[in-house]
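So the protein lines, in turn, are chains A and B.
All residue numbers in the first sequence are consecutive under this note's numbering, ending with 196.
All residue numbers in the second sequence are consecutive under this note's numbering, ending with 229.
Mixed in with the good hints, there may be bad ones.
To be clear about the criterion: a stretch of chain B counts as covered by chain A if any three or more of its residues have a C-beta under 8 Å from a C-beta of chain A, and this derived list gives those stretches [what the hints assert, rightly or not]:
#, region
1, 119–129
2, 137–144
Straight-line distance between alpha carbons at most 20 Å, and here's what the computed SDA-like set of lysine to any residue pairs gives [what the hints assert, rightly or not]:
#, chain 1, residue 1, chain 2, residue 2
3, A, LYS129, B, ARG128
4, B, LYS66, A, LEU188
5, B, LYS80, B, PHE51
6, A, LYS154, B, LEU111
7, A, LYS129, B, ASP134
8, A, LYS129, B, PHE131
9, A, LYS129, B, LYS211
10, A, LYS154, B, SER130
11, A, LYS129, B, GLY67
12, B, LYS66, A, TRP194
13, A, LYS154, B, GLY67
14, B, LYS211, B, ASN70
15, A, LYS129, B, ASN107
16, A, LYS129, B, ILE156
17, A, LYS129, B, VAL116
18, A, LYS154, B, GLU132
19, A, LYS154, B, VAL116
20, A, LYS129, B, PRO154
21, A, LYS154, B, PRO154
22, B, LYS66, A, LYS154
23, B, LYS66, A, TYR192
24, A, LYS129, B, SER130
25, B, LYS80, B, LEU126
26, A, LYS129, A, ASN61
27, A, LYS129, B, PHE51
28, A, LYS129, B, LEU64
29, A, LYS129, B, ASN112
30, B, LYS66, A, PRO191
31, A, LYS129, B, LEU126
32, A, LYS129, B, PRO106
33, A, LYS154, B, ILE156
34, B, LYS66, A, LYS157
35, A, LYS157, A, THR169
36, A, LYS154, B, GLN135
37, B, LYS80, A, VAL139
Negatives, chain A to chain B, calculated, CB over 12 Å [stated by the list, open to error]:
#, residue
38, VAL27
39, SER49
40, ILE68
These are calculated hints, taken from the structure and not from any lab test.
Cβ coordinates follow ideal geometry from the N, Cα and C atoms, glycine included.
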Amino acid sequence: MLLYVVSTIFVCYLSFNLRRNQLTPIVWNTLFWIILLFTAVNAIAKSFSQERHGRLLYYYNLCSPQAIIISKIIYNSLIMLMLSGMGFIFYAFVMGNPVGDMLLFAVCGLLSSIGFASVLTLVAGIASKADNSATLMAVLSFPIILPMLLMTIKLAKNALDGLDWSVSTDEISTLLSIDLIVITLSYLLFPYLWRS
Amino acid sequence: MRKIWWKILCIVIIFYVIIIGLTGPVPRLAIINESIRNTYFHVALWLAMTFLLFVSMIFSIRYLNKGRINDDDIASELTKSAIFFGILGCLTGSVWANYTWGDPWPNDPKLNGAAVGILMYLAYLLLRSSFEDDQRRARISSVYNIFAFAVFIPIIYILPRLTDSLHPGSGGNSTFGSYDFDNNIRKVFYPAVIGYILLGLWLAELRIRIKRINRVREETMITEHQSLK
Numbered sequence: 001m002l003l004y005v006v007s008t009i010f011v012c013y014l015s016f017n018l019r020r021n022q023l024t025p026i027v028w029n030t031l032f033w034i035i036l037l038f039t040a041v042n043a044i045a046k047s048f049s050q051e052r053h054g055r056l057l058y059y060y061n062l063c064s065p066q067a068i069i070i071s072k073i074i075y076n077s078l079i080m081l082m083l084s085g086m087g088f089i090f091y092a093f094v095m096g097n098p099v100g101d102m103l104l105f106a107v108c109g110l111l112s113s114i115g116f117a118s119v120l121t122l123v124a125g126i127a128s129k130a131d132n133s134a135t136l137m138a139v140l141s142f143p144i145i146l147p148m149l150l151m152t153i154k155l156a157k158n159a160l161d162g163l164d165w166s167v168s169t170d171e172i173s174t175l176l177s178i179d180l181i182v183i184t185l186s187y188l189l190f191p192y193l194w195r196s
Numbered sequence: 001m002r003k004i005w006w007k008i009l010c011i012v013i014i015f016y017v018i019i020i021g022l023t024g025p026v027p028r029l030a031i032i033n034e035s036i037r038n039t040y041f042h043v044a045l046w047l048a049m050t051f052l053l054f055v056s057m058i059f060s061i062r063y064l065n066k067g068r069i070n071d072d073d074i075a076s077e078l079t080k081s082a083i084f085f086g087i088l089g090c091l092t093g094s095v096w097a098n099y100t101w102g103d104p105w106p107n108d109p110k111l112n113g114a115a116v117g118i119l120m121y122l123a124y125l126l127l128r129s130s131f132e133d134d135q136r137r138a139r140i141s142s143v144y145n146i147f148a149f150a151v152f153i154p155i156i157y158i159l160p161r162l163t164d165s166l167h168p169g170s171g172g173n174s175t176f177g178s179y180d181f182d183n184n185i186r187k188v189f190y191p192a193v194i195g196y197i198l199l200g201l202w203l204a205e206l207r208i209r210i211k212r213i214n215r216v217r218e219e220t221m222i223t224e225h226q227s228l229k
């Protein structure tokens with residue numbers, strides 16, 4: 001997956017190579033989050049479909065569905081954190097780093113990694129039950145993840161401009177509450193998915 | 001005939017809304033002018049749609065608790081009529097925006113949110129169509145339906161209020177309660193919402209009945225087939 005991020009970033013870098021000076025902070029920001037979004041979808045889509053039927057049956061006997069969804073969310077969040085951290089380092093390395101407030105940007109990355117991971121884990125669970133799960137995954141997850149993506153981009157924009165923290169408390173609290181809602185819903189709904 | 005009165009009520013209310021809504025007295029406002037009559041159609045349609053989606057979510061929860069396939073039929077058909085209302089709401093809103101904001105699709109967070117919301121529910125229909133087995137389809141799409149409603153409300157009602165929007169209730173515009181909402185409008189607006197909700201329920205009810213008939217027919221065909229063997 002790391003290779004996937006790095007090669008995507010490199011493709012973007014080469015495509016923008018012609019007009020380096022046209023890469024405004026807004027384009028930089030949007031491009032970064034869109035790369036991360038696609039990485040997340042690709043990374044997490046596999047989390048259920050990858051596992052063989054026998055192993056799922058084994059898990060089913062071993063522990064409760066709540067434990068499974070929570071552990072999957074934590075695992076995927078860690079993967080997303082790692083991917084976004086490494087992605088950011090490489091991205092800043094080739095495309096330049098216009099971020100004004102690194103701490104705020106890191107908070108933004110943390111919240112969005114957890115959010116992406118929790119939404120996509122549940123959607124991957126839903127999609128893996130159907131036959132054509134790759135297409136379904138994209139169709140189901142993009143509309144749901146869009147508000148989160150927009151909030152993240154807005155928050156990251158504030159971090160880029162180095163605005164005061166008080167400006168972005170709204171965005172932080174909204175992102176946090178969306179994360180909480182999604183995780184609670186996954187916790188409540190996953191047992192029904194797991195049974196089938 | 002069982003319980004026909006609410007269908008008659010629905011027809012009466014809708015005719016009342018159309019006739020009084022287009023001819024009755026309305027307050028004069030700058031820019032909006034006569035197009036304020038669109039409140040009876042556009043705003044009321046959106047409220048009716050949200051209500052239908054809410055009821056649909058409740059039936060999905062009930063399906064997950066009780067496991068009766070009828071509840072899932074009701075949830076899916078309510079969602080279908082809600083999507084129909086949503087598309088109508090978009091069209092009426094587009095007409096209104098064309099004359100007051102000068103653009104049929106201005107770049108407004110609420111509009112984009114609405115488009116995303118409709119996409120989300122179209123994805124719900126796609127998800128339903130990708131399963132063969134009834135119970136499995138019902139369980140998984142119920143899970144998605146509950147999840148989608150929980151995301152739909154922030155997209156439509158909360159996020160646009162945090163940013164600048166052309167719609168009332170955000171970016172310095174006042175909300176509806178204070179929005180010169182005088183008694184003439186109230187007299188038509190509240191019946192309009194109830195009328196559309198009844199119409200949506202009626203549409204859904206017809207489709208649910210067709211679905212049930214088809215299911216019974218299939219079952220009898222299968223049993224006949226087996227008895228022939």
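Give me the numbers of the hints this structure contradicts, sorted from smallest to largest. 9, 10, 13, 15, 16, 17, 18, 20, 22, 27, 29, 32, 34 and 36
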